[in-house]
Amino acid sequence: MPLEIRPSQALRLWRQVHLDLVRDGQADLSARQTAILLTIYLELPPHTVRGLAAQLGVTKPVITRALDTMGKLGLVSRRRDEFDRRNVIIQRTVAGALAVEKLADLVTERARELGGG
1 MPLEIRPSQA
11 LRLWRQVHLD
21 LVRDGQADLS
31 ARQTAILLTI
41 YLELPPHTVR
51 GLAAQLGVTK
61 PVITRALDTM
71 GKLGLVSRRR
81 DEFDRRNVII
91 QRTVAGALAV
101 EKLADLVTER
111 ARELGGG
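Under full-length UniProt numbering, read the sequence shown as residues 1 to 117, first letter to last.
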């Protein structure tokens with residue numbers, strides 16, 4: 001059953017989730033990094049720098065910079081494709097899976113609160 005919400009409710013939900021993320025003391029991800037993270041965890045692998053760049057409509061260096069930061073945070077890892085050394089395969093990590101799960105829990109919790117207001 002689809003969730004019916006007004007635009008103002010959608011924006012309040014978006015704002016509240018972001019406030020929760022800012023307040024949690026963890027590193028902040030940019031909108032681009034969040035889009036990359038969700039793509040990697042919600043869509044079936046394999047994921048490559050080239051494929052992510054095409055999907056997000058940005059250049060490969062943009063994806064590489066985002067992945068550098070995300071890799072330092074332990075959210076993803078990278079390895080060269082054994083069959084095509086030109087490709088870099090992006091891999092999921094436990095920390096990344098937990099971050100996505102936490103985000104899903106936050107969105108779900110805040111969406112439930114919309115029913116009351």
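In short, the hints are calculated from the structure, not lab data. All values reported here derive from a predicted model rather than from experimental measurement. Idealized CB from N, CA, C, for every residue including glycine. Please note that a few of the clues may not be correct.
BS3-like cross-link-like pairs, simulated, lysine-lysine; straight-line CA separation at most 30 Å [as the list claims (entries may be wrong)]:
1) Lys72 - Lys60
2) Lys102 - Lys60
3) Lys72 - Lys102
Ranges between beta-carbon positions, derived for each pair [what the hints assert, rightly or not]:
4) Val22 - Glu82: 38 to 48 Å
5) Arg80 - Ala111: 35 to 45 Å
6) Leu114 - Thr59: 11 to 21 Å
7) Arg15 - Leu73: 20 to 30 Å
8) Glu82 - Asp24: 20 to 30 Å
9) Asp105 - Arg32: 39 to 49 Å
10) Gln55 - Trp14: 35 to 45 Å
11) Glu4 - Leu42: 17 to 27 Å
12) Leu38 - Glu113: 16 to 26 Å
13) Ala10 - Leu42: 33 to 43 Å
14) Arg15 - Asn87: 16 to 26 Å
15) Val22 - Ala111: 24 to 34 Å
16) Asn87 - Leu3: 17 to 27 Å
17) Thr59 - Gln91: 30 to 40 Å
Hint by hint, which ones does the structure fall short of? 6, 8, 9, 10, 13, 14, 15, 16 and 17
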